[in-house]
Every structure is written in C-alpha cells, then in structure tokens.
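Trainee: Residue numbers (full-length UniProt numbering), protein chains in the order written: chain A, 1 to 503; chain B, 1 to 138.
Where hints are given, some of them may not hold.
[Stated by the list, open to error] Heads up, simulated EDC-like pairs for lysine to aspartate or glutamate below, C-alpha to C-alpha not over 20 Å straight-line:
(1) B:K23 <-> A:D315
(2) B:K23 <-> B:E11
(3) A:K336 <-> B:E11
(4) A:K336 <-> B:D81
Hints were generated in silico from the structure; no laboratory data involved.
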Amino acid sequence: MRLDTTAGPDPGALPGSFPGGDLGQYCLAVALCPMPALLCDPEGLILAANPLLERMLGYDESGLSGLSVTALIPEPQREGHAALMQAFHQLPRRRSMNGGAEVSVRRRDGALLPVEVLLNPVQVDQRALTFTAFLDTSARRRAERRLRDVLNAAATAMILVDETGRIRLVNAAACTLLGGPEEALLEHSVDHFLPPDLHAAHRVHRANYHIASSPRAMAMNRPLKVVGLDGVERPVNIALRPVETESGQRVVATIYDLSETFSYQQELKSRADGLAALNEELTQFAYSASHDLRAPLATISGLLDLCLEDLEAGDTAECRRNIHAALETSQRNIHKVEAVLTLARAGMQEVPVERMELDEAVAGAWSRLTRDRADAPGFVIDCDGPVALMTERRTLLTAIENLLSNALRFHDPERDAPWVAVRIRTRARKVSICVSDNGLGIPDTEQPRVFEMFRRSARSEGHGLGLSLVMKHVRRLGGLVSLSSSPSGTDVILSFDDMEVLS
Amino acid sequence: MIPTYIVDDVESDRYIARRRLSKTGLFGPVQEAPGGSEFLDLYFAGTDAEAPPPLILMDINMPELSGFETLEALRLRLAGDPGTGARNQVVAVFSSSDNERDIERSSALGIVQHFFTKPLDDAAIAEILETYRASGAL
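Let the hints inform the model, and build the full structure from the sequences given.
Mentor: So, in structure tokens, the structure goes:
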C-alpha cells in the first residue's frame, strides 16, 4: 500500500530561479536552504551540502563536500546512475527524480533512507551544476504505516478510490474480499470489481458522486455484488465517504461482506423448512394414526355388535364366523401396532456403527426372506468395488430388508423368469444401493405417495409402513431414496454421499 | 328398493354395512367394491332408471384411490355426462375417524350428504332413510 504523492503541490519545491552570481552565492544558498540540499557538478562531485543534509545522512560538518554523489546512491543502483545523470544534462530542467516517486538515499552508515529528490539545473560560471534538495519521507512513511496498520486491523474491507475510479489504497480485508494481492488490486479501476453488466452504469454513478459527494450507502443499502479477481461473486453492502487529501478528492468505500449473513439466513431458513417438514410429518402421523389405528377397533366393535344380535337370534354359525373375523382383525392389529412403534422408535435409539460387508449382509437378508419359499425369484448381487462399510449396520440392513421383502411380495406371477437384483456402487465416500425387480411395478399415480405412512398397495396385505421405515432409516444415515417404476419392474435407489467405505 | 354401493377395502367393514342395510329390507341390489376404481366401473356400468336414487357408502382410507379421490372422479364424470348427471344419488362417507379435516373435505366436495364414523350402526341407516323419505324418493 502506498499513498499517492504524484500530484498536488510539491513541498520540496525551490524558487524557480536564483539571482545571478558566482559559486559562493550558490553555496550560501545551499547552506541557508531550509531543507536538506546539495550542489554538485556535472560529474556528480558534491561542491556544497548543507548541515541539514549532513545530519540527515550522518556525516560530519563539511563531510559531504568533495565526495561523489555516488556515495549517496544505494549500491544496486550505482551502476546505472551515471547514465541517468548524463541524460539529465542533455535536457536539463527542473524536475523530481524518478517522476516524483520515492527513492532511497544511502546514509554514511549504509542504512537507506526514503526520500523524494528534487533536481534543479543552474548555470554557474558556464558550468551546468545541479541544485539538489531532499525531502525525508520516512515520517510520512511511518504515518502511512500507522494508517495501514489501522486499516489492516479493521475487519471490514476498505478501499480508497480517486476521481478517475482508480483504486489507490486497499486494506488486508479488502484483499481477501476482492480476491487478490494489494499490487493486483491497485492496477484496476473500481468498476472492474462489479458484475460486468454494471460496469458502464457504475462509471456514470461514480462521476455523479464526485460532483455531489456526501457520506451515504451505495445502492440505497440494497445488497450489491462484487466480483473478486478470483472470480468469486460476493454479496456486499458498501458505504461511501468522500475525503479530501493533498492529492485531491478521494472516496473511501467501506465494503461489508454479507456472504456469512446470507449463508446464516439460508441456514435459518433451511432449519425453519426442516421444522415445518417435521411438523407436517407429525400432523400426517397423527392423522394417519387416528385413521389407521382406530380402523381395526371400529371393525371389531361392529363385528361384535353383530355377534350379539346373531346370538340373540340363535344363529351361532354366523356368530362364530364373526368372532373369527374379529379375532383375525385384532391379531392383525397387534402386528400393526408393533410396526408403528418400530417406525416411531426409528431414529430415537442409539445404533452402534459397525463394519458391514454389504454383499454378505444383502445375501443373508435374502436367504432369510426366501427360506420357506420354493417359488422365490432369481437373485443376483452385483458389486464393482469395495463393499465393506462403517455404518449403522442394523439401520441400513432393515431398510434393505424392507426393499427386498417388497420386491419379493410384488413379483409378477405371470412372468417366466422373475428376478430381484441388488447393485452396489461405491466411489470414495459415495455409496449407492439399487434394489431392482421385474415385478408388477407401482402405478404412476401411486409413486409420489408410496413413502407415506399406512400407504399400501391394494394388492398387498401389508400395513403400509415398510417404505416409510425405509425412508426414515435412510434419512437417518444421511442418504436419499429415489424410486422409478414401470409395469416391467421397479428400481429403488438408496444413495449416500458421505459414508465410510473400507477398502 | 334403493340400489346401494358399498365401497371399502376392508372385507369385514363391507360385511358390517351389508348386514346393517339388509336389516331394513329397503336396500337392493347391494353391490360391493374393494376400491374406488372398481366402484366407478360398477356405477357407470348401467342403472335402473325406475329405481330411487342410489346410495353410495364410501370409505375414506383406501389404497390407491382414496374415498375423496373416488368421489371427485365421480363428480367430474357426472358433470360431464348429462345422462347420468340428471340422476341424483345419496352419498354417505363413513370413516374410522371423525377428523375435522375429513368432515370439511367431505362437505367441500358438494355431493356428500352424510358423514358417519365406523362401525356403521342402525342409527346411521335410519338417518339415511330419513333423507330418502324427506325427498319423497321412498
């Protein structure tokens, strides 16, 4: 970071011309000059230096006279200095060394001192001498460093912009926000950091601001976007404040990064959405439970009423038939209540994370399900890589068992070769398990609802809780369930983006 | 005799309804459907023009088409079919729960006259018959 010093009044300026006279008068002028100065001949020999310069460079009184100016030049630059001196004498005119930029002067002890140097050609007794004045800029440098430290200590990004839109100063936070080092940022107009479609408009806004500038928020406090040199777009608020400097009017733009605020808001929103979803799930649960848990009791009650009437009428055969029906309904309901409790408990209990050989676990589940069935469909497991996982073995296995049980239950009896296939794919921490069958399929209208509680197929005697449980278990493990089905079969894919795969 | 349709996926519930209806001796023929699609097929298969308006006893919670979805489909088909549209019917929803949401949704359909909670009893049947008598259909 460097403060701009190229324009404005030059504090080291000397009067434009000296009254004529001999060398002695010039030496007196050097001695009386209120700033460090020297007079040298075209070869760089120091003819006179004033006490201010001697003190600044650590020389004794008159210690500089008779030395070459080379002594004042830092070693690395000495070689080129003769040529620069020659060039100056070809077109001698009053000017600042190095275009007014800071240069270093070498003290007697070898230390380097930042200075600005003003060169003034004078003709003395037909000799082209150079009156050279020095401005010690170390104090300004210290002030700059303090300012920079203060700015850098600020957590907020700040930039100083001149009337042409060029960035003149940036602090550390601005470098982070605008995605580049200080040197790179200083090369650009401030327009460059806005989205491309705003470049032209911003040039106009910027010019207007310089005409009537007052402290205010940019874009009426609406969130803006800046595009850093790294190409990253960030939401920001920008406050503008005009400042008068020696070099003219500047604008300090304070840039507040809203990325975190935005992501925090998004997180809050997603949590609120999550809670709303949970609330909806609870409402759905209460609704379904009131229907589906009451239904069998209503049936039993209706049947028993009829039993009493049948008894009174002496129709014991009908009465017996109805008692059996009531019994069957109540027994079925015992299983249903157990299934509901299992579903409700899922996610509440600690389940240990264990090593799970996925292919073996799937094969084991299939053989348990088909143990007593002679007509079980063909079964195949297809893996393409490591299949050992670290996960809640019991949770994942229950989900897979439910899918296999569905595939088995809904196989198409008309088909010659019914099959069920499990395809396991692992890539880094991504795991996908696809359970496919060539069974009856799920009607299109039914597909969006199959994961709802108590949603069951008309072709099934189940309770309509299996896929709810699959969904709940897979979500618990951080995965997703997707379903595709047609009359030629069904694929259910469980995908996990972050699961430990053991190689 | 009132032609009647019992739509319920639970066999025992259809049986209970059938027994309650038969006690009065006023309902017939009584046809049963285990689901909405089966009911719609039955209902539009042909009717007796001389008979009183049919009674539809509709369960809400059924696999695939729910009672609401079935009645909505019925309403649309009746509206689009002037032949059957002219015909009246009495729709009674019977459900295992007296959930407010279900009662509101039933009445919003515009074609439901009764809402009963299961099990269907003689009082419910008496109420249905009252509707028929009040309209002069019986």
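Trainee: Each hint: holds or not?
Mentor: Now for the hints, and whether the structure bears them out:
1. Proposed proximity of B:K23 and A:D315 is supported: the alpha carbons are some 15 Å apart, at most 20 Å.
2. Restraint check: the Cα-Cα separation between B:K23 and B:E11 comes to about 19 Å, which is no more than 20 Å; the hinted pair holds.
3. A threshold of 20 Å between alpha carbons decides the hint, and for A:K336 with B:E11 the separation of about 17 Å falls inside it, so the pair holds.
4. For the hint linking A:K336 to B:D81, the alpha-carbon distance of about 42 Å lies beyond 20 Å, and the restraint is violated.
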